[in-house]
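Work out the full structure: start from the sequences and follow the hints.
There are 2 protein chains.
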Amino acid sequence: MERRSFITRTGLAGALAATAAPAIVHAQTALRWRLASSFPKSLDTIFGAAEVFAKKVGELSGGKFLISVHAAGEIMPAFGVVDAVQNATVEIAHTAPYYFFGKDETFALGCAIPFGLNSRQMTAWMVERKEIKSLADMKGLKMRIGGFGGRVLERIGAVPQNIPGGDIYPALEKGTIDAAEWVGPYDDQKLGFNKVAPNYCYPGWWEGGPQLDFFINTKSYDALTPEYKAVVEAAAAVAHTDMQAKYDYRNPAALKQLVGSGTRLFRFPKEVMEAAFKASQEMYAELSSKNANWKKVYEDYARVRADQNLWFRFAEAAFDDFMQTQKL
Amino acid sequence: MERRSFITRTGLAGALAATAAPAIVHAQTALRWRLASSFPKSLDTIFGAAEVFAKKVGELSGGKFLISVHAAGEIMPAFGVVDAVQNATVEIAHTAPYYFFGKDETFALGCAIPFGLNSRQMTAWMVERKEIKSLADMKGLKMRIGGFGGRVLERIGAVPQNIPGGDIYPALEKGTIDAAEWVGPYDDQKLGFNKVAPNYCYPGWWEGGPQLDFFINTKSYDALTPEYKAVVEAAAAVAHTDMQAKYDYRNPAALKQLVGSGTRLFRFPKEVMEAAFKASQEMYAELSSKNANWKKVYEDYARVRADQNLWFRFAEAAFDDFMQTQKL
Chain C
14 MERRSFITRT
24 GLAGALAATA
34 APAIVHAQTA
44 LRWRLASSFP
54 KSLDTIFGAA
64 EVFAKKVGEL
74 SGGKFLISVH
84 AAGEIMPAFG
94 VVDAVQNATV
104 EIAHTAPYYF
114 FGKDETFALG
124 CAIPFGLNSR
134 QMTAWMVERK
144 EIKSLADMKG
154 LKMRIGGFGG
164 RVLERIGAVP
174 QNIPGGDIYP
184 ALEKGTIDAA
194 EWVGPYDDQK
204 LGFNKVAPNY
214 CYPGWWEGGP
224 QLDFFINTKS
234 YDALTPEYKA
244 VVEAAAAVAH
254 TDMQAKYDYR
264 NPAALKQLVG
274 SGTRLFRFPK
284 EVMEAAFKAS
294 QEMYAELSSK
304 NANWKKVYED
314 YARVRADQNL
324 WFRFAEAAFD
334 DFMQTQKL
Chain H
14 MERRSFITRT
24 GLAGALAATA
34 APAIVHAQTA
44 LRWRLASSFP
54 KSLDTIFGAA
64 EVFAKKVGEL
74 SGGKFLISVH
84 AAGEIMPAFG
94 VVDAVQNATV
104 EIAHTAPYYF
114 FGKDETFALG
124 CAIPFGLNSR
134 QMTAWMVERK
144 EIKSLADMKG
154 LKMRIGGFGG
164 RVLERIGAVP
174 QNIPGGDIYP
184 ALEKGTIDAA
194 EWVGPYDDQK
204 LGFNKVAPNY
214 CYPGWWEGGP
224 QLDFFINTKS
234 YDALTPEYKA
244 VVEAAAAVAH
254 TDMQAKYDYR
264 NPAALKQLVG
274 SGTRLFRFPK
284 EVMEAAFKAS
294 QEMYAELSSK
304 NANWKKVYED
314 YARVRADQNL
324 WFRFAEAAFD
334 DFMQTQKL
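Keeping their order, the protein sequence lines are chains C and H.
In my numbering, each number is its position in the first sequence, counted from 1, plus 13.
In my numbering, each number is its position in the second sequence, counted from 1, plus 13.
Derived from the structure by calculation, the hints contain no laboratory data.
There may be inaccurate statements among the hints.
If chains are identical, the list can't say which one is meant, so a pair holds when it fits in one copy or spans any two.
[To be verified] Subject to a maximum C-alpha distance of 27 Å in a straight line, what follows is the list of computed DSS-like cross-link-like pairs (lysine-lysine):
| hint | residue 1 | residue 2 |
| --- | --- | --- |
| 1 | Lys269 | Lys259 |
| 2 | Lys208 | Lys269 |
| 3 | Lys259 | Lys283 |
| 4 | Lys308 | Lys269 |
| 5 | Lys242 | Lys259 |
| 6 | Lys269 | Lys309 |
| 7 | Lys54 | Lys208 |
| 8 | Lys309 | Lys340 |
| 9 | Lys259 | Lys309 |
| 10 | Lys340 | Lys269 |
| 11 | Lys259 | Lys308 |
| 12 | Lys340 | Lys303 |
| 13 | Lys303 | Lys208 |
| 14 | Lys291 | Lys340 |
| 15 | Lys54 | Lys203 |
| 16 | Lys308 | Lys340 |
| 17 | Lys54 | Lys259 |
| 18 | Lys208 | Lys187 |
All figures in this text were calculated on a predicted structure; none of them were measured in a lab.
Written out as structure tokens, the structure reads:
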């Protein structure tokens, strides 16, 4: 996204308007896009983020730029949404990029890797990492379906399975899988996992703070006016903050209700955490030696992770630790 | 902000456009606002947040809605910006509401109170706290200049002084004050505090995750079209995320440089933290008994704080603690 050039143009327009203050008539073409989500409609936060995005684009364009939002399986299977954008079957997809690490592991860095960044750190990295913010920068990175944390689980002896959110409950119920991870208590309760899986382990070290992404077809995006490009960018920022806030706000009550209804909380044993951490670091080193895309992006990511953990250890953790031990 | 009604209207327009797809000509009046900031131009993150906001409003409106941003002292003193909005001298102010707790302490809850919410928790509370998101909801809450953490400092024996950001360095240098707090390492280094104050204490318990606010003159805001109201809301969300990310990204390097140049880091002793915590809780209870506005908002805030600390103690702190003790 050529953010700087937008700003320059706005600045020029501003200078003109300041002197002449003309009543500019502003004509934008009415536009209609389809968005394919990887998530089921039942999850109002994660699926809802695409709805928040689409509604915001509509509001910001005075109702002229309209995006219809389609749940996983409606016009596209959960893991087919990015192919659909590439084929121009839909203009935009809302998904978790690590589903597509199979063609290039680098995509996992756009969402979450085991022992990666937490949510606020991820935002800091993405906002400042200008060169990977736009679709153009994604070119050359190939994609396929997968789940990246599974690679580390494999290394510590587990058998990972990649299943869309809406299909996890039946798989647990039928015993096709023994365990599952999803976003957190609010969704887990909604999806009814506690009915078929009474033990609840934390923390989710395979994704400290995952981000979701909107993938937009290159031609569709390039055809947008600078104003509509800004609209898409701002609506995505709103959807990002909004989804994080909704999860944070709803998770505590869900956690209490899960525990109240018999779910047992376990902290992952230190040995498991340490073995998984070691396996992750080894895997990242191996990837760096054979995947140049990964190496380039991971080096920056790892630098930020080291810096952020230093920083969070002081100001942030010292405050949070104190608060968490008080009677509130 | 009547967010729901915007969405309904957009939804209707969407339904019409879907069937007829008319090439609507969209006329918005060119508009020019002035924004008065409480912060000095030298601080690119905190002052910059208002610039990010203004630029985004410009981009989103195709250069028709323009906001000029003025630093503290330029057209208004740092602590005069909210009065200026009330008097309609400027349309909009960018400031920290706790400067104005003197007329009603409730305002501090819109920014930061000692032992309050951390940054992500604050976002969750504000996003979900619909009834205090709009200017209309602020009516009846009176304002004056102040700094809220000072009230607790007073209770534990210190003498608080409220000084705008740009005036802190000379006050430290002259010895008018013995100590100062500002946002964090990045700004502290920029403002040169380390040259006159070598000891650096953490965590900043008087504001776990302060938020800044845009105050908009009621008449100016009411005169906006629904599209421009959405533009203002989205631009504020972008500025919020952007400023947090910039601080998080820049603070680690600044902290390392400060320590490298001789600044000594101290963790506040547990006794100090506990005395300050106790004094805070007593003060909040006293305020609840004599200020109905405070009681109403604080009860909701305190409920969220208890829930959030429960939640952050599990999933978030368990992950962060582990990461902070690894060699990265």
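Q | Identical-chain pair category, Lys259 with Lys308, by Cα at 27 Å | A | Classified as between; 24 Å across copies, 34 Å inside a copy.
Q. Between the shortest in-copy and the shortest cross-copy C-alpha distance, which are at most 27 Å for Lys259 and Lys309: within, between, both, or neither?
A. between (33 Å within a copy, 22 Å between copies)
Q.
When Cα atoms must be at most 27 Å apart, do Lys309 and Lys340 count as within-copy, between-copy, both, or neither?
A. Between copies only: 21 Å across, 46 Å inside.
Q. Between copies, within a copy, both or neither: which fits Lys54 and Lys259 at Cα up to 27 Å?
A. For Lys54 and Lys259, only the intra-copy Cα distance (16 Å) is at most 27 Å; the inter-copy one is 34 Å.
Q: Can you give me the call for Lys340 and Lys269, within, between, both or neither, at a CA distance of at most 27 Å?
A: Answer is within; shortest intra-copy Cα gap is 17 Å, inter-copy 34 Å.
Q.
Checking an output row: Lys269 and Lys309, CA cutoff 27 Å. Within, between, both or neither?
A. between (42 Å within a copy, 24 Å between copies)
(Q) For Lys303 and Lys208, with the copy left unspecified, which applies at a CA distance of at most 27 Å: within, between, both, or neither? (A) neither (43 Å within a copy, 47 Å between copies)
(Q) For Lys54 and Lys203, with the copy left unspecified, which applies at a CA distance of at most 27 Å: within, between, both, or neither? (A) Within. Shortest intra-copy distance 11 Å satisfies the 27 Å Cα cut-off; inter-copy 48 Å does not.
Q. Given identical chains, is Lys308 near Lys340, meaning Cα to Cα at most 27 Å, within a copy, between copies, both, or neither?
A. Classified as between: cross-chain Cα gap 19 Å, same-chain 46 Å, threshold 27 Å.
Q) Which holds for Lys54 with Lys208 at a C-alpha limit of 27 Å: within a copy, between copies, both or neither? A) Close inside one copy (20 Å), not across copies (56 Å); limit 27 Å.
(Q) One pair to classify: Lys208 and Lys187, alpha carbons no more than 27 Å apart. Within, between, both, or neither? (A) Intra 12 Å, inter 66 Å, cutoff 27 Å: intra-copy only.
Q. What label fits Lys259 with Lys283 when the C-alpha limit is 27 Å: within, between, both, or neither?
A. neither (30 Å within a copy, 33 Å between copies)
When held up to the earlier numbered hints, the structure conflicts with 3, 13 and fits the remainder.
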